[in-house]
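Asks: Given only the sequences and the hints, what does the whole structure look like? Please build it.
Residue numbers (numbering that gives the first Met the number 0), protein chains in the order written: chain F, 0 to 230; chain C, 0 to 81; chain A, 0 to 81; chain Z, 0 to 763.
The set of hints was computed from the structure by calculation and includes no laboratory data. Hints may contain errors.
Claimed, not checked - Taking lysine-lysine and the DSSO-like style, the derived pairs with C-alpha atoms no more than 30 Å apart in a straight line are:
1. F:K211 / Z:K437
2. F:K105 / C:K32
3. Z:K63 / Z:K21
4. A:K2 / F:K105
5. A:K2 / C:K40
6. Z:K63 / A:K10
7. C:K19 / F:K153
8. Z:K437 / A:K10
9. Z:K311 / A:K32
10. C:K19 / A:K40
11. F:K105 / Z:K210
12. Z:K308 / C:K2
13. Z:K210 / Z:K308
14. Z:K311 / C:K40
15. F:K39 / Z:K348
16. Z:K60 / Z:K185
17. C:K40 / F:K105
18. C:K32 / C:K10
19. C:K19 / Z:K337
20. C:K19 / F:K105
21. Z:K337 / Z:K311
22. C:K10 / A:K40
23. A:K10 / Z:K21
24. A:K40 / C:K2
As the list claims (entries may be wrong) - Which residues of chain A face chain F? A few of them, derived with a C-beta cut under 10 Å, are:
25. P16
26. Q17
27. K19
28. A20
29. V21
30. N23
31. A24
32. Q28
33. G31
34. K32
35. I33
Note that the Cβ used here is the ideal one computed from N, Cα and C, for glycine as well.
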Amino acid sequence: MKIGVVTFPGTLDDRDAARAVRIAGAEVVNLWHADDNLQKVDAVVLPGGFSYGDYLRCGAIAAQAPITQAIVKAANGGLPVLGICNGFQVLVESHLLPGGLIRNEKQHFICRDQKLRVENVDTAWTNQFELNQEITIPLKNGEGGYIADAETLKRLEGEGLVAFRYLDMNPNGSMNDIAGLRNERGNVVGLMPHPEHAVEAGFGPNTDAAMKSGIDGLKFFTSVLKAVVNA
Amino acid sequence: MPKIIVEVMPKADLLDPQGKAVANALHRQGYGKIQNVRIGKRIEIHLAAAPTEEDLQGAREIADSFLSNGVIEDVVNIHVED
Amino acid sequence: MPKIIVEVMPKADLLDPQGKAVANALHRQGYGKIQNVRIGKRIEIHLAAAPTEEDLQGAREIADSFLSNGVIEDVVNIHVED
Amino acid sequence: MSQVVDTTAVAAATPDKAQPWKELGLKEDEYNRIKDILGRRPTSGELAMYSVMWSEHCSYKSSKIYLRQFGEKVTDEMKTHLMVGMGENAGVVDIGEGWAVTFKVESHNHPSYIEPFQGAATGVGGIVRDILTMGARPIAVMDQLRFGAVENPDTARVVHGVVDGISFYGNCLGLPNIGGETVFDKVYQGNPLVNALSVGALRHEDLKLAKASNPGDLVILFGARTGADGIGGVSVLASETFDSTGPSRRPAVQVGDPFAEKVLIECCLELYHAGVVAGIQDLGGAGISCATSELASNGGAGMRVDLEKVLKRDESLTPEEILMSESQERMMGIVPKKDLKAFTAIVDKWEVEYSILGEVIGEDRLYINWHGEEIVNVPPRTVAHDGPVYERPVAYPTWIDALNANSVNAAGLARAESATDLAAQLLEVVTSPNQADKSWITDQYDHYVGGNTALSQPDDSGMVRVSEETGLGVSIATDANGRYGQLDPYAGAQLALAEAYRNVATGGAVPMAVTNCLNFGSPENPEVMWQFKQATAGLADGCLELGIPVTGGNVSFYNQTGDVAIHPTPVVGVLGVIDDVARRVPSGWQDQGNNIYLLGTTRDELDGSVWSEVIHQHLGGKPPVVDLAGEKALAELLHGASLQGLLESAHDLSEGGLAQAVVESSLRFGIGARIWLGELMERDGVDATSALFSESTGRVLVSVGREDDVKFVGLCEARNIPVLRIGVTDVKGEGATLAIKDVADFNLAELRQGWTQTIPELFG
Ligand SMILES: Nc1ncnc2c1ncn2[C@@H]1O[C@H](COP(=O)(O)OP(=O)(O)O)[C@@H](O)[C@H]1O
Ligand SMILES: [Mg+2]
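Replies: Dropping the structure here:
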């Protein structure tokens, strides 16, 4: 199975995303922003970072890239796409997911181990979780405040499109504690926190069991393997 | 050098944490009269020659499609300066 | 509601990375005529009543001392809107 | 500077033309020396070059004679792992398995006071480019910060700007921040210190040196365009002190673009990998003046450059300004003609702009033309390496004997009388700004990116995995204590070295090499020069005794306002190697029911301590005794113990003494403990105040699983390291407490509340 990992100029977590894909047992295909060929991948990860410096608006310039255009087309055709942090911002700027992401309420970049509730397990990227499972993965962003107008929020909640919600504390002032979204079809998922930083014991968040041993993020990647096989 | 100025502001009914932070700071400094602060962008597009009507048309398109995100922002003003 | 608008731009002879990135993006999109882009801030100060002369004076002070960083930015314009 | 071009011909024809050498920071004899070298007056372009390159910042003219010791006081043994020593952009250390690392710490103090955000941001950018020029991939950064007093209104401006700047630039580069220092002291009010460290990893065969030695190779400037940023910044910033009276010369600041630098990193690594560059030099202070003269001088060759070919952001720049511009995110590559096509293919791929400025020549000359007219014609060495060298006057400070005499005991500072006193003082110490939790700062830094961070804040050292196959990794700790430095700069430097060395050892790594950033006042003040002389001697002697070489560093002088200098602040960074980062040891208890041992001896050493500062606002006496042999034995013990997997945790004792260490060890993972001081006080003959707050060196607090007790104690006794069981770890979670017998039972939740709220309350 082949999973594409996109690199824009300024992408930072592409190596981490590739590592996560490998640990999950899939083959990594590096996708370059300037290409518009998805090389027959079975799924795509848009990793975190500061594509194009996050200038103008996070993800806005990356949303214009040829590879993004190709991904949008394929996503509308059902290709599983995961947007992490800056990747989530790209999905929002490409209107694959609604709303917007703005500067954190406290105005500072924040890096912490963040507790989330998985509110949606029938997507390509969450099917290995249990409904309402509580997970901890790293969060690190300066512009992760989710906003949307009233009716959009109503629709998101009504149609159960909120995939992840912040628990214990809302780190960036996101409306309704929204940490991540899914699309109607469930193939596109975006979130601010970083599952790819919680896939290898020794380098993840602390758990009660042992320091840095958290690997809750791995299920994102094993989920898509299952989804693709069943598809 | 002639410029097209595009002004973008966060949508009125959406929160603007940056503006809020500044407003609070100003209140702490004693500027009680200030009700609210909102912070947007002022974007200068520099051109070699005075813009033609179609340059302006182009600018309007860029402003809506790229320089602003209609979901969370409004383009409040586009004008020419030189 | 009456507003004082403060416009702040990066100093002309300093690098504006944001403007540069946007200009490059626009060039990639085929807007060759665009020579340069610079991005600054448009700050709206909302007031309850039409600003008095001293409100404006206050705004000028805030603009220089707080809303802009004189080392790297210039206040290019302050005006009233309602 | 003149708009009509001042060519070498014009210069020869108008020998008596008045030139602004003074305004450019040159001394008269330096100006005359330039004339002797050239046999005529310099052109304005040459004057610009010499003035920046001969500034203190670039030429090290006041420190050179002392820095030599770092290269001289070394044994062959110490050199065995050294692939590149001092003098290059950064030293390179062989860490085995075909891997090498390069690391260096540098200051960006003055710019960070003028414009804290951009100053700190470009400080990070600069050190990362240094690492890159060695052919290494940067893998982590650290930041060493000194701010003014927390109560001073200007401090918040600097703190917010500096932390935002480091966060903005480092995070956007995708480099994990694995540690640093934060200190508040009024002596840094007008002179905050912003030091930044970067470490990079490379395969042995990928090692590069920035030099131009092959005639015919092309000289290519690539990266950002050249603008008016920080013109004259180097000479002005590094050779003028801030004087509240009199007009302070504020230079044009530099604005950083971390995105451009991230792209540059990937681009340069691809250029190295493709083997299409002979060398790459970064452009930092002194910009093109520095890059051209250093590349040529390093390569023992010359260069011919057409300056008008430089891509400019602003067409009005004069040639002198172009030579001095400090625009960031630029690199100069030396490219064999045959590789030009491959080179341009790669830079184009990364959408990096470039322009071919000229080529390397066999002749020992640097020619720079401006639209065909010769504006520079100099021997490159005289600009880059043969600058002035001063043996500045040195004077034993008139005030220091009195300061040393005024010890805690001589001053009769009241010690804690009762358990209540001790408990109150402990809380006051651990919640004081310098001892309180630094998460408000470190939570603004990405320590996850890369997926290789094994240790970071709040542990004693930062540790990153280098080889994903074997787990081979490196760790770094940095330290400096300005108060100790003020009491005794020789000891102060060794204490910084000892603590950084210990902090690497507690993590489980083996100390290997040293970098340093020496922050001092004005070298023109003989007493400051004495402090510098003492500190460098202390550091060099200390490294020799510990057997680890200094691989590079940086000097920052003129950190003073008026004639008041900062405390001598020699930031020392120690690099350690660990065969498998899975073995790393955290600084806090990990489990209930483990035994807590204190290694080392506690003396009545409160002079210069946090206790004397926080409880009595006192500074006087002599700093703690340094015992480097003891530190070495301790480090070997810790390594042995961690190899056998005996250590659940290890935390060194430093500022705040045992009190600080037990509190931090408990709060690390929220695990309680019961501690008793009686046996310690009895064995070492100290009172409770010293037991808790003394800052005696060579001490580490470890926790060991019950089953490993005998083994561990045996190990200590075999190496005759003083070992004493002073407690046992307790339950975690709800109601967990740190119970210190005859002091108090501290509820961990309340303790954490106090320890974590100090900094946010001040700056949040
Ligand atoms: N400015 C900073 N940037 C990054 N890490 C920091 C900074 N300041 C403090 N730290 C981290 O906080 C922890 C405590 O700092 P400190 O008490 O100085 O450690 P130590 O006493 O071992 O020198 C360490 O892990 C250190 O790396
Ligand atoms: Mg320590």
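Asks: All hints, please: hold or fail.
Replies: Taking the hints in turn, this is what the structure says about them:
1. F:K211 / Z:K437: holds (20 Å)
2. F:K105 / C:K32: Holds - the C-alpha atoms of K32 of chain C and K105 of chain F are around 24 Å apart, at most 30 Å.
3. Z:K63 / Z:K21: Status holds; Cα separation ~23 Å.
4. A:K2 / F:K105: Status holds; Cα separation ~25 Å.
5. A:K2 / C:K40: holds (16 Å)
6. Z:K63 / A:K10: Answer violated: K63 of chain Z to K10 of chain A is near 38 Å, above 30 Å.
7. C:K19 / F:K153: With a Cα-Cα distance of about 25 Å, the restraint between K19 of chain C and K153 of chain F holds, given a limit of 30 Å.
8. Z:K437 / A:K10: violated (34 Å)
9. Z:K311 / A:K32: holds (19 Å)
10. C:K19 / A:K40: With a Cα-Cα distance of about 15 Å, the restraint between K19 of chain C and K40 of chain A holds, given a limit of 30 Å.
11. F:K105 / Z:K210: violated (47 Å)
12. Z:K308 / C:K2: holds (28 Å)
13. Z:K210 / Z:K308: Measuring from Cα to Cα gives roughly 21 Å; hence the hint holds.
14. Z:K311 / C:K40: Holds. K311 of chain Z to K40 of chain C sits at ~26 Å (cutoff 30 Å).
15. F:K39 / Z:K348: holds (23 Å)
16. Z:K60 / Z:K185: Cα-Cα ~29 Å, so holds.
17. C:K40 / F:K105: holds (20 Å)
18. C:K32 / C:K10: holds (23 Å)
19. C:K19 / Z:K337: violated (58 Å)
20. C:K19 / F:K105: holds (10 Å)
21. Z:K337 / Z:K311: This hinted pair holds, its Cα atoms lying about 27 Å apart.
22. C:K10 / A:K40: holds (15 Å)
23. A:K10 / Z:K21: Answer holds: K10 of chain A to K21 of chain Z is near 28 Å, not above 30 Å.
24. A:K40 / C:K2: Since the Cα atoms of K40 of chain A and K2 of chain C sit roughly 16 Å apart, the hinted pair holds (cutoff 30 Å).
25. P16: Status holds, d = 6 Å.
26. Q17: OK, holds: Q17 of chain A within 10 Å of chain F, min 4 Å.
27. K19: holds (8 Å)
28. A20: Cβ of A20 of chain A sits 4 Å from chain F, so the hint holds.
29. V21: It holds, given that the least Cβ distance between V21 of chain A and chain F is near 5 Å, below 10 Å.
30. N23: Holds, about 8 Å.
31. A24: holds (5 Å)
32. Q28: holds (7 Å)
33. G31: violated (16 Å)
34. K32: Constraint on K32 of chain A not satisfied, violated at 18 Å.
35. I33: Since chain F brings no Cβ nearer than about 14 Å to I33 of chain A, farther than 10 Å, the hint is violated.
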